[in-house]
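Using the sequences and the hints given, assemble the complete structure.
Going down the list, the sequences are from chains A and B.
So the number in my numbering is just where the residue sits in the first sequence, counting from 1, plus 334.
So the number in my numbering is just where the residue sits in the second sequence, counting from 1, plus 30.
Check each hint, because a few of them may be wrong.
[What the hints assert, rightly or not] The following residues of chain A were derived to be distant from chain B, with all beta-carbon distances above 12 Å:
id : residue
1  : Ile340
2  : Gly362
3  : Cys442
4  : Pro458
5  : Ala488
[Stated by the list, open to error] Restricting the straight-line Cα-Cα distance to at most 30 Å, the calculated cross-link-like pairs of lysine-lysine (DSSO-like) are:
id : chain 1 : residue 1 : chain 2 : residue 2
6  : B       : Lys140    : A       : Lys356
7  : A       : Lys356    : B       : Lys118
8  : A       : Lys434    : B       : Lys47
9  : B       : Lys126    : B       : Lys154
10 : B       : Lys118    : B       : Lys154
11 : B       : Lys126    : B       : Lys105
12 : A       : Lys434    : B       : Lys154
13 : B       : Lys40     : A       : Lys434
14 : A       : Lys434    : B       : Lys103
15 : B       : Lys126    : A       : Lys434
16 : B       : Lys103    : B       : Lys154
17 : A       : Lys434    : B       : Lys145
18 : A       : Lys356    : B       : Lys145
19 : B       : Lys126    : A       : Lys356
20 : A       : Lys356    : B       : Lys40
21 : B       : Lys152    : B       : Lys40
22 : B       : Lys47     : B       : Lys105
[Said to hold, decoys possible] Stretch-level coverage of chain A by chain B, calculated; a stretch enters the list once three of its residues show a Cβ under 8 Å from a Cβ in chain B:
id : region
23 : 402 to 411
24 : 418 to 424
Bear in mind the hints are in silico, worked out from the structure with no lab data behind them.
Each residue gets a CB set at the ideal place from its N, CA and C atoms; glycine is no exception.
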Amino acid sequence: MNVNLINPFVASCCEVLTTMAKLSPRIGRPTLQERVPRGYPLYAAIEITGATVGTVAFGFPAEIAAALTSALLGGDRRAIDADCLDAMGEVANMIAGSAKQNLPGGLCGISTPRVSLDRRGLPPARPPVVVIPCFCGDHQFDIEVSLRPATVAAAA
Amino acid sequence: MRILLVDDSKTMRTIQKRVLEGLGAGTEFFEAADGFEALSVIASLPNGYDLAMIDWNMPNMDGLTLVARIREKNKATPLIMCTTEAEKERVVAALKAGVNNYVVKPFDAKTLLEKVQATLAKAKAA
Numbered sequence: 335m336n337v338n339l340i341n342p343f344v345a346s347c348c349e350v351l352t353t354m355a356k357l358s359p360r361i362g363r364p365t366l367q368e369r370v371p372r373g374y375p376l377y378a379a380i381e382i383t384g385a386t387v388g389t390v391a392f393g394f395p396a397e398i399a400a401a402l403t404s405a406l407l408g409g410d411r412r413a414i415d416a417d418c419l420d421a422m423g424e425v426a427n428m429i430a431g432s433a434k435q436n437l438p439g440g441l442c443g444i445s446t447p448r449v450s451l452d453r454r455g456l457p458p459a460r461p462p463v464v465v466i467p468c469f470c471g472d473h474q475f476d477i478e479v480s481l482r483p484a485t486v487a488a489a490a
Numbered sequence: 031m032r033i034l035l036v037d038d039s040k041t042m043r044t045i046q047k048r049v050l051e052g053l054g055a056g057t058e059f060f061e062a063a064d065g066f067e068a069l070s071v072i073a074s075l076p077n078g079y080d081l082a083m084i085d086w087n088m089p090n091m092d093g094l095t096l097v098a099r100i101r102e103k104n105k106a107t108p109l110i111m112c113t114t115e116a117e118k119e120r121v122v123a124a125l126k127a128g129v130n131n132y133v134v135k136p137f138d139a140k141t142l143l144e145k146v147q148a149t150l151a152k153a154k155a156a
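Dropping the structure here:
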């Protein structure tokens, strides 16, 4: 997988969470997984199209989703509710927009992000998946990247 | 102070409202989720508004079209484009359409508040 397509999303995720929510994620060591990882209760996913196809998904535990929503909207939010889904959609939208500026020119396009309480309704991730763990305090969320050249995907 | 917030994300409108409450007590906010809704809100404000924050990418009518529609009748009220679109060509297009300032998301609260204050001050001095 082309690291030049992955790094802009990681950097943008850190920038958005730090700038907008004062959460400063610490990035862990990426792993390559041959299966689609276990599910988080909340996902925001961006579909990649063009010469490279696939998904970049952000899997959030309830604690981080609630902390992000509280930071953006105010109050002490605990539940994954409609406000939380809307907030996570906007977070993913800003990550996508910011990443777009740093993606190698002409290699791919990116979709409007989709948010889901589970993986249903999201573009399917296909293994292998690069999983980048990110840590906010005691809690972990993951960036899951599943990208393939369009020629390979078409032949599969 | 009467501020119009135009963004299809309720979250973004709430964030902007929280930041722009820093303009002072008595600031009133009006909201719209797309360009058509914004024109309808504007038509319902007989006393006008002091500034509009406008997103670029929205369903039904995008922000650039909205700016052009507003500028057909109103050259004076300051408009700020607030968007994830950061490319230079986009900024130039927005300025040509008539925006007074441009804010790229993500933004920090201080930067947004300062840009809005500067835009209001410049419009007042004009």
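- prompt: Keeping to a limit of 30 Å between CA atoms, is the pair of Lys47(B) and Lys105(B) held or broken?
  reply: Holds, because 24 Å separates the two Cα atoms, which is no more than 30 Å.
- request: For the pair we were handed, Lys40(B) and Lys434(A), check the Cα-Cα distance against 30 Å.
  value: The given pair, whose Cα atoms are some 23 Å apart, holds under the 30 Å limit.
- request: Taking the shortest Cβ-to-Cβ distance between Pro458(A) and chain B, state whether it exceeds 12 Å.
  value: Pro458(A) clear of chain B: closest Cβ-Cβ about 25 Å, beyond 12 Å.
message: For Lys118(B) and Lys154(B), compute the direct alpha-carbon distance and say whether it is at most 30 Å.
response: Roughly 27 Å between the alpha carbons, so the hint for Lys118(B) and Lys154(B) holds.
message: Can you tell me if the region 418 to 424 of chain A counts as covered by chain B, using C-beta to C-beta distances under 8 Å and a minimum of three residues?
response: holds (count 4)
Gly362(A) non-interfacial with respect to chain B [C-beta, more than 12 Å]: holds (22 Å)
message: So if I understand the rule, the pair passes when the alpha-carbon distance is 30 Å or less; does Lys434(A) with Lys145(B) pass?
response: holds (24 Å)
- prompt: For Cys442(A), which was marked as not at the interface, is the minimum beta-carbon distance to chain B over 12 Å?
  reply: holds (16 Å)
Lys434(A) paired with Lys103(B) [C-alpha distance capped at 30 Å]: Roughly 35 Å separates the two Cα atoms, so the pair is violated.
- prompt: Lys126(B) and Lys105(B): Cα distance at most 30 Å?
  reply: With a Cα-Cα distance of about 13 Å, the restraint between Lys126(B) and Lys105(B) holds, given a limit of 30 Å.
- prompt: Does Lys145(B) lie within 30 Å of Lys356(A) when you go C-alpha to C-alpha?
  reply: holds (20 Å)
message: What's the verdict on Lys434(A) and Lys154(B), does the C-alpha distance respect the 30 Å limit or exceed it?
response: violated (36 Å)
Hint compliance for this structure: hints 12, 14 and 19 are broken, all remaining hints hold.
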